[in-house]
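S.K.: Let the hints inform the model, and build the full structure from the sequences given.
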Amino acid sequence: KAGVTQTPRYLIKTRGQQVTLSCSPISGHRSVSWYQQTPGQGLQFLFEYFSETQRNKGNFPGRFSGRQFSNSRSEMNVSTLELGDSALYLCASSLDPGRGTEAFFGQGTRLTVV
Amino acid sequence: AQKVTQAQTEISVVEKEDVTLDCVYETRDTTYYLFWYKQPPSGELVFLIRRNSFDEQNEISGRYSWNFQKSTSSFNFTITASQVVDSAVYFCALSELSGGGSNYKLTFGKGTLLTVNP
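Residue numbers (this note's numbering), protein chains in the order written: chain A, 1 to 114; chain B, 1 to 118.
No wet-lab data here; the hints were simulated from the structure. Among the clues, some could well be false.
What the hints assert, rightly or not - Only pairs whose alpha carbons sit at most 25 Å apart, straight line, appear in this in silico DSS-like list of lysine-lysine: (1) Lys57/A / Lys3/B; (2) Lys70/B / Lys3/B; (3) Lys3/B / Lys38/B; (4) Lys38/B / Lys110/B; (5) Lys57/A / Lys110/B; (6) Lys38/B / Lys70/B.
M.R.: Put into structure tokens, the structure is as follows:
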């Protein structure tokens, strides 16, 4: 069974640009969550999608958005990039979050904003 | 206030030593789940264990063991006879299921960097 796949693995962008990150969950998993990891703030929750609906959102500005498609694949978009957006972005998929099932993570996309 | 506290930022041990990673959590929910993840240098978070709030049984898996105590809101992780390959950042996480699961998210501690020296 394939794991969670995130693309691309590395990105370098310039301030003011926008970026789209992609996540393919484990087959059969309908929940996809996104997390930002930085040395200063650690792992922070961005949002969670379930069956194409955003169910929960963390404390991030509106520049951070996402969506989920009918095949459960998810994309995350960050507009008007700032230097502080440089981070490792991790995607996680889960079978049934309502039952506390474990989340499986991808290898992440390392975004560098210059 | 932090919901998940991992007071140990870094731990360094010599191979074959036992090491315990501490995790203290805070929640008002009666139903919640606790997790431990390992993050090697490659960056991917690797799931290690899940424990629900109604199951206080300790668990052992090979060299790994977990001690869950609701009375002290702790979920500690012990590695017995540590090996160099155990070197990684270890995260404790909490999932609160208020709202029937519609507010699902993982709240992570800051992590503990474990270095096992040969």
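S.K.: Could you run down the list of hints and mark each one as holding or not?
M.R.: Going through the hints against the structure:
Restraint check for Lys57/A and Lys3/B: satisfied, since their Cα atoms lie roughly 17 Å apart, inside the 25 Å limit. At most 25 Å may separate the alpha-carbon atoms for a hinted pair to count; Lys70/B and Lys3/B meet this at roughly 14 Å. Restraint check: the Cα-Cα separation between Lys3/B and Lys38/B comes to about 19 Å, which is no more than 25 Å; the hinted pair holds. For the hint pairing Lys38/B with Lys110/B, the CA-to-CA distance comes to about 12 Å; that is within 25 Å, so the pair holds.
A hinted pair counts as satisfied when its Cα atoms are at most 25 Å apart, and Lys57/A with Lys110/B qualifies at roughly 20 Å. Restraint check for Lys38/B and Lys70/B: satisfied, since their Cα atoms lie roughly 23 Å apart, inside the 25 Å limit.
Consistency with the previously given hints is maintained throughout, with no hint failing.
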